[in-house]
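Enquirer: Chain B: place on chain A using the hints.
Chains A and B, in that order, give the protein sequences. Residue numbers in the first sequence follow UniProt numbering, run continuously in steps of one, and reach 440 at the last position. Residue numbers in the second sequence follow UniProt numbering, run continuously in steps of one, and reach 332 at the last position.
Keep in mind that the hints were calculated from the coordinates and are not lab data. Each hint should be verified, as a subset may be incorrect.
[As the list claims (entries may be wrong)] Distance condition first, Cα-Cα at most 16 angstroms in a straight line; then the derived EDC-like pairs of lysine to aspartate or glutamate:
#, chain 1, residue 1, chain 2, residue 2
1, B, Lys329, B, Asp12
2, B, Lys233, A, Glu404
3, B, Lys260, B, Asp304
4, B, Lys287, A, Asp406
5, B, Lys287, A, Glu404
6, B, Lys238, A, Glu405
7, B, Lys287, A, Glu403
8, B, Lys287, A, Asp409
9, A, Lys130, A, Asp115
10, B, Lys238, A, Glu403
11, B, Lys254, B, Asp170
12, B, Lys15, B, Glu275
13, B, Lys233, A, Glu148
[To be verified] Among chain A residues calculated to face chain B with C-beta under 10 angstroms, some are:
#, residue
14, Gly60
15, Asp370
16, Glu373
17, Pro431
If you're wondering where the values come from, they're calculated on a predicted model, not measured in any experiment. The beta-carbon is built from N, C-alpha and C at its ideal position, and this holds for glycine as well.
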Amino acid sequence: MNLSLQDPFSVAKEFPEQLTNNLNFGHSVTIQFNYKGDYLASGLIDGSIVIYDCSISNGGIIAHLNEYSHIRPITSINWSKCGRYLLTTSQDWYVKLWDLNKINSMPIIRQIKFDGPIWSANLHPNDKFKFVASLYEDSPVYVDLTNENSPKIIKLSTTPLELENWVMDGEQLKKKSKKNEKHLTLVCIFTKDGKYIFTGTSKGWLNIFETETLKIIHSIKISNSNIKNLALSSNGRKLAINSSDRVIRQINLSDLINEQAINNQDEKFDFEIEHKYQDVVNRLQWNSLTFNHNGEFLIASTHGQSSHDLYIWETSNGSLIKILEGSNEELIDTKWNYPKCCIGSIGIDSGMIYLWQIQFPQKWSALAPDFVEVEENIDYIEKEDEFDIIDETELNKKRLEKEEEDVVDVITKDSTDARGFDLLQESFIIPINYEVNLLV
Amino acid sequence: MGLPINSSTNNDLYKLRYTIKENESITSIRISPDGKTFAISLGTKIKIFNIETQELITELIGNTKGINDIQFSPLNSNIIASCSNDLTIRLWSIRDSKCIKILKKHTYHITTIKFVSKGNLLISGSADETITIWDITSGRIITTLAAHSDPVSSITLTPDNSIIISGAYDGLMRLFDLETSQCLKTLTTSTSHGTATASTSDVINFPISNVESSPNGQYILSSSLDGLIRLWKYLDNKVIKTYQGVEGRSISKKFNCETKFIIKTESPLIVSGSENDGIIIWDINTKKIVYNYNNDDGPVLTLDIYNDGELLISATKNGIINLYDLNNKYKI
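This is chain A alone, in the form it adopts within the complex:
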């Protein structure tokens, strides 16, 4: 509701331009906003997790989860859609699923230990018990934790479809498979409806699995070096691939949600690289990337001590439109809070979370109801009846009579806010432990 009273030009801005705040409770290494955009979870270097309130710009702290938490740096955080569950992964070999409703008692409802650190995990969009994870020096896994006592863990292949066929075809290609031993999957994500899994490998392959069968249905060679990150826009139609060859490639996907229209498997994954984003002058690598809410903008943080910026590109024509500055250190993880139109990123040295937010100008006329703001000087022409003395009681009587006609609806709420986001979406409210005193 506040937005409808703010300056409409500022509300209509599509991305923030100014560094406005920073959050510095502990040394953060990864962050994630929840779907509604009202909480921010920050994973710390000591393995604990901090949850901030996004309803105020300088971030009140809701909770610090340090009991039962990880003991090594957090590597990724996922929120469930309802906002009640958190999936966290860490270098301590554990993946944990938190029920935030039990934040003050025993919040871990599932946990699983692997044979090494976990690069990252991605939660199934519609099932909090299912996730895919990429592991350090190991095959990626699909995990189903629905049954508390016997988790299902299924290893996924890294070998691209074409190469696999060759291996089966003839003996002489065995050599090739040996070479493939060092081929590792570095990142895996679900599509927005959870039907497919995209994985990126150390040799630049993008593998696509069908979630139901967990079989590779398509593979495509994207680059010659590591695929470090994959980012899907929230409508599921744009995929950005960050590779260590310093290029971010953007692929336009076919409509995977309404896929009846496409019968042919090959047609479905007939990719073309739409845009390549790179800084050819500074030859920068990219640390992380994320889309905005409608996929019109892509943002990436730069690698290396020389540059401390976030680059924003327009995805329709591939042009760089803004470089966000303000931090004085290299930025790692970057996330976009869609409803609040806020970008968060972490400084690598200090572990501080920097927030770029849209700033609204203070309207001075808001302070005095009988003042009006004018753009430039105007010659004021007095109205004919402006200084007439009118009997107040008469005026009031007239006004009261007019009131009868208005019909007031005090119940029906607006369904969207001034930016077009759904306001009626229910999201979980995290309980507060009133008896602790978090020291800031």
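Expert: Frame of chain A, contents of chain B only:
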């Protein structure tokens, strides 16, 4: 005992379930979010009662001067906050009958407090003319709003918690953005006929005694000490309904009487306490009084509802607590 005002009055709209008598004036009464208990503040004490059995559960003692307002945490019926003339805000655990936190900063009587619906922030209004936003988990002050030029009497939040609405004795209502702390709008009844030429002595603003946001957040109900209640459509800076007391009398000219919206009935209603006429309920659209309960119990300063108006509880300056049930035949 509901007095029919005119033939169309539903004098059976609410039924009195019970009455409890206290010896001191009650400044604030609240039903807990789980609907099992209610709390009253009187003098320097808070008393918690079981709503079914009327049994006293506990007393919370610790404030050194009178308590002006109490609020349950919206998430946890075991936590209640109080604000007092001793310049403190205290957070209490009801189960342990213990004060768990004391927030200090205001320099004069603290008149009103509100929790945001996430329960992590507390907003306080004070006679020192400021509004303060507190982060409860850290005890930190998020910001102080230099809000008014007279004591702040009442604050309310829109249901999406994005706007703080404050009313004060300077006769102004201000809307603040919770996220940025900016003032978004100022509302006042006085008209200086569109120009800023009127000197302050020309303009008489009656003190605002209470503000309440509509359930959808698009309207504000303001009570002022000229004895009227007004419904504002704040986007248009406009009063769209004015409500008068029984037989056109003033509702309250001396005391801050609280108001609430009742949306459990077919047509939405508003309820207010009054100085001389007990509790009054109006139909929002027709502005007619549809229910009035007056047992000469003294000014009804405070009231609360539960479940959109299914239960109504009121307390008076003379220490009388009344609990009413909404008649089933009017429920939707």
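Enquirer: When the hints from earlier in the document are held up against this structure, which numbers fail?
Expert: 9, 12, 13 and 16
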